[in-house]
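Student: Protein chains in written order, with the working numbering: chain A, 1 to 114; chain B, 1 to 115.
Treat the hints with care, as some may be off.
Straight-line Cα separation of at most 35 Å, DSBU-like style, residue types lysine-lysine; simulated pairs [said to hold, decoys possible]: (1) Lys13(B) <-> Lys77(A); (2) Lys13(B) <-> Lys57(B); (3) Lys103(B) <-> Lys13(B); (4) Lys103(B) <-> Lys60(A).
Selected chain A positions facing chain B (in silico; Cβ < 8 Å) [as the list claims (entries may be wrong)]: (5) Ser32; (6) Gly43; (7) Leu46; (8) Leu48; (9) Lys49; (10) Thr51; (11) Phe89; (12) Ser93; (13) Ala99; (14) Gln100; (15) Lys101; (16) Phe104; (17) Gln106.
In silico negatives: residues of chain A with every beta carbon more than 10 Å from chain B [claimed, not checked]: (18) Ala17; (19) Ser58; (20) Gln81; (21) Pro114.
Because the hints were derived from the structure by calculation, they are not lab data. Only a predicted model underlies this, so the values are computations on that prediction, with no experimental measurement involved. Ideal Cβ placement from N, Cα and C applies to all residues, glycine included.
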Amino acid sequence: GDSVTQMEGPVTLSEEAFLTINCTYTATGYPSLFWYVQYPGEGLQLLLKATKADDKGSNKGFEATYRKETTSFHLEKGSVQVSDSAVYFCALSDLGQGAQKLVFGQGTRLTINP
Amino acid sequence: KAGVTQTPRYLIKTRGQQVTLSCSPISGHRSVSWYQQTPGQGLQFLFEYFSETQRNKGNFPGRFSGRQFSNSRSEMNVSTLELGDSALYLCASADRGTTTNEKLFFGSGTQLSVL
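Using the sequences and the accompanying hints, generate a full structural model.
Tutor: So, in structure tokens, the structure goes:
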């Protein structure tokens with residue numbers, strides 16, 4: 001079945017550092033790819049998405065490019081802030097019986113120190 | 001617009017009991033899906049409902065069930081609770097949930113502890 005493999009955490013960085021969180025996927029079809037973020041005590045929020053090969057999703061300084069040839073969707077940010085501390089989930093979207101279903105990676109806990 | 005509302009926020013139950021969790025989707029959304037989040041297994045899909053019909057189901061035992069009402073509100077039920085059912089249960093809503101690029105809106109979840 002479809003699966004998502006994410007870089008293991010936790011990741012600790014200093015403010016203004018460059019961030020990369022690796023994500024690779026296995027899928028039989030052509031899924032859409034997502035990054036979701038979870039702040040403490042909250043549900044998931046969509047950070048960005050890409051729906052086809054070579055698409056770049058971006059939001060709040062974060063970017064990720066859908067690479068079909070390497071089956072990857074790595075998350076990057078040029079200069080992180082303390083407020084970016086959260087858990088980040090890479091996910092792909094599958095259609096099962098005509099209904100959307102997300103398959104998530106294990107999540108990467110990110111801590112940014114001032 | 002109000003977001004996805006899940007109640008209760010916290011629940012403590014003992015083994016063998018049953019529990020019902022509730023989810024109210026964003027107004028106008030007709031697709032509701034449920035996910036279980038645990039430290040060991042991560043986020044796993046439970047099931048999805050649209051117009052009161054279950055369209056998709058994950059790999060969970062029959063103790064996990066759900067339903068959706070005509071106003072799109074959904075409930076999930078877990079019978080004969082086991083210690084391993086302790087988890088954060090997240091509900092997500094979408095307009096129709098029939099395309100792979102549709103955005104899901106998540107609630108804050110119900111934290112279930114089984115003692």
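Student: Each hint should be assessed against the structure and marked as holding or not.
Tutor: Hint check results:
no., hint, verdict
1, Lys13(B) <-> Lys77(A), "violated, 42 Å"
2, Lys13(B) <-> Lys57(B), "holds, 25 Å"
3, Lys103(B) <-> Lys13(B), "holds, 33 Å"
4, Lys103(B) <-> Lys60(A), "holds, 17 Å"
5, Ser32, "holds, 4 Å"
6, Gly43, "holds, 4 Å"
7, Leu46, "holds, 5 Å"
8, Leu48, "violated, 11 Å"
9, Lys49, "holds, 7 Å"
10, Thr51, "holds, 4 Å"
11, Phe89, "holds, 7 Å"
12, Ser93, "holds, 4 Å"
13, Ala99, "holds, 4 Å"
14, Gln100, "holds, 4 Å"
15, Lys101, "holds, 5 Å"
16, Phe104, "holds, 4 Å"
17, Gln106, "holds, 5 Å"
18, Ala17, "holds, 26 Å"
19, Ser58, "holds, 15 Å"
20, Gln81, "holds, 23 Å"
21, Pro114, "holds, 27 Å"
When each numbered hint is compared with the structure, violations occur for hints 1 and 8.
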